[in-house]
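Chemist: Start from the sequences and build out the full structure, keeping to the hints where you can.
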Amino acid sequence: MNNNTLDSLLDLWAKGKLTTEQLEEQAAPLTKEEVTQQAQLHLASITALKQAATIRKVMHIQKEFLAEQEVESKPVVPIKSNNNKWLLRIAASLLLLGTLYVLQNNIFVSSKTLYNDFFESYYLPNERNQEAADNRSIVELFRNEEYQSVITAYNRLKTSSNREKFLAGYAHLNTGNSETAIVLFNEIIKSNNLDNNNFYQDEAEYYLGLAYLQNGNKKEALQQLNSIQQNKDHSFYNTVDKLPLYKLRWSSAF
Amino acid sequence: MEAVLQLEEAQIIHKLEGTDIDEAVKQLYKLYFFDVTAQITYRGGTKEDAADIFQESVVVLIDKIRNLEFRRESSLKTFLRGIAKNLWTAEQRGRERRKLREEIYTSTEEWIEDPETWRIPVNEIMEVIETVGDTCKNILIGYYYENKNMKTLLQEFDFKNEQVLRNRKAICMKRLKEMIQSNKELMQSLLKSL
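First to last, the protein sequences are chains Z and S. Per my numbering, the first sequence runs over residues 1 to 254. Per my numbering, the second sequence runs over residues 1001 to 1194.
Please keep in mind that the hints were generated in silico from the structure rather than gathered at the bench. Accuracy of the hints is not assured; some may be wrong.
Stated by the list, open to error - Cut-off 27 Å, straight-line C-alpha distance, at most; resulting in silico cross-link-like pairs (BS3-like, lysine-lysine): (1) S:K1026 - Z:K63; (2) Z:K63 - S:K1030; (3) S:K1148 - S:K1026; (4) Z:K32 - S:K1160; (5) S:K1148 - S:K1160; (6) S:K1026 - Z:K57; (7) Z:K17 - S:K1148.
Unchecked claim - Just a few of them, taken from the derived set where beta-carbon distance is under 8 Å, the chain S residues facing chain Z: (8) A1051; (9) D1063; (10) M1126; (11) V1128; (12) L1140; (13) Y1145; (14) V1164; (15) L1165; (16) N1167; (17) A1170; (18) K1177; (19) L1190; (20) L1194.
Heads up, the beta-carbon is just placed ideally off N, CA and C, and yes, glycines get one too.
Modeler: In structure tokens form, the structure reads like this:
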């Protein structure tokens, strides 16, 4: 049986013009199994051809469809689009720089910077009667701003008043020894609480806040200065009220 | 007058049953392309993936309509979405992209069986068809898909007479069968769809 003849028979069978039995009969000398195999292969090939034709048409239509969509979706580019882009970039850069400046100066500001901003020199008033009783050298050294000598003189004292403690604490603060300053100022506050006094209380409270700031304890400093700001009778109320406490509030939050 | 008319679903289906499918396929793209591709991109596919899946879904849809497997219990849109979702799931499984989750189909979507049973091996089919050559491809598609008789085909091809054309067709078919037979997976896939 030649190829052409078998192909024609299989075509007739696939179209229903021949029964399977007729196909088997006319396809002799092929065996029944060979005819079945050929018939399956013929149908599979026809299926492949039909699917290929469909695929080819769908592919072509999709290609046209997507090309149409691309044309419709292309935006009209304005002539000055490049200029606008550069202007926007410059504006964004300026905004970023401005933001960084604000952040650096108001939020990410160091304790040292805040201490320098907040610090106010202390003026020791004349107290003649007191000076007669107290160690004059500490007062004279303090007025001469010889802070290290103030500390040395204080350390020689067997007992000390709140005034001497305060002057020594202030001297420590000015020489960068914030930890000792914190101790001395707290001793003043504690002794006043015990004795129900307020001798050098306001000074100790204010400079304790500054000592905390110098020591990097922003939250403790804020607490101390906030309490002063809420007390209009405090000696340092006006001083604290003028301070940019918002900087300390923001920076202590980070 | 526009070539593409607004066809009702029944009309689209009717057109897809025949061989003159161009207008119906264009309507499928116009009506459902963006909706169906959106669900593919939503499920992690790229735009290219989504376009490929939609194309394959349309081919499967046409195949099912012709094989009377589209029961018309749901709309064309729902059916097409279901095919696309399953094809994409099968594709993802094949790519081993992520752990496959079993999806529960809602009552608005027609149940589709395992896509591996009806997925059309598009690339393999096109490769085999292209291998037989342009003349054979056009003769065979003309005869078996477009149902042209030998007399009509003789007018399109430069052959001496119908018998010569018939002989050539037989040779082309034999070549195609050899290619298909050599690809067992393709053969199995084609036999499943019979």
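Chemist: Evaluate each hint against the coordinates.
Modeler: Hints, one by one, checked against the model:
1. Our distance criterion of 27 Å between C-alpha atoms is met by K1026 (chain S) and K63 (chain Z), whose separation comes to about 11 Å.
2. Restraint check for K63 (chain Z) and K1030 (chain S): satisfied, since their Cα atoms lie roughly 13 Å apart, inside the 27 Å limit.
3. Proposed proximity of K1148 (chain S) and K1026 (chain S) is supported: the alpha carbons are some 24 Å apart, at most 27 Å.
4. For the given pair, K32 (chain Z) sits about 36 Å from K1160 (chain S) by alpha-carbon distance, which is inconsistent with the 27 Å threshold.
5. For the hint linking K1148 (chain S) to K1160 (chain S), the alpha-carbon distance of about 18 Å falls within 27 Å, and the restraint holds.
6. Of the supplied pair hints, the one linking K1026 (chain S) and K57 (chain Z) holds, its CA atoms being roughly 10 Å apart against a limit of 27 Å.
7. Proximity of K17 (chain Z) to K1148 (chain S) is assessed by CA-CA distance (about 17 Å); at most 27 Å being required, the pair is judged to hold.
8. Nearest Cβ of chain Z to the Cβ of A1051 (chain S): about 7 Å, under the 8 Å cut. The hint holds.
9. Here the hint on D1063 (chain S) is kept, as its CB sits about 7 Å from the closest CB of chain Z, short of 8 Å.
10. Here the hint on M1126 (chain S) is kept, as its CB sits about 6 Å from the closest CB of chain Z, short of 8 Å.
11. Hint status for V1128 (chain S) relative to chain Z: holds, with the closest Cβ pair at about 6 Å, below 8 Å.
12. Nearest Cβ of chain Z to the Cβ of L1140 (chain S): about 5 Å, under the 8 Å cut. The hint holds.
13. Look at Y1145 (chain S): its Cβ gets to within about 4 Å of chain Z, closer than 8 Å, so that hint holds up.
14. The closest approach between the C-beta of V1164 (chain S) and any C-beta of chain Z is roughly 11 Å, which is over the 8 Å cut-off, so the hint fails.
15. A cut of 8 Å between beta carbons decides the hint on L1165 (chain S): the least distance to chain Z is about 11 Å, and the hint is violated.
16. Among the interface hints, the one on N1167 (chain S) holds; its C-beta lies about 6 Å from the nearest C-beta in chain Z, closer than the 8 Å criterion.
17. With a cut of 8 Å, the hint placing A1170 (chain S) at the interface with chain Z holds, because the nearest CB-to-CB distance is about 4 Å.
18. About 5 Å separates the beta-carbon of K1177 (chain S) from the nearest beta-carbon of chain Z, less than 8 Å, and the hint is met.
19. Here the hint on L1190 (chain S) is kept, as its CB sits about 4 Å from the closest CB of chain Z, short of 8 Å.
20. With a least beta-carbon distance of about 6 Å to chain Z, the hint placing L1194 (chain S) at the interface is held under the 8 Å criterion.
Consistency with the previously given hints fails for numbers 4, 14, 15, ordered from lowest to highest.
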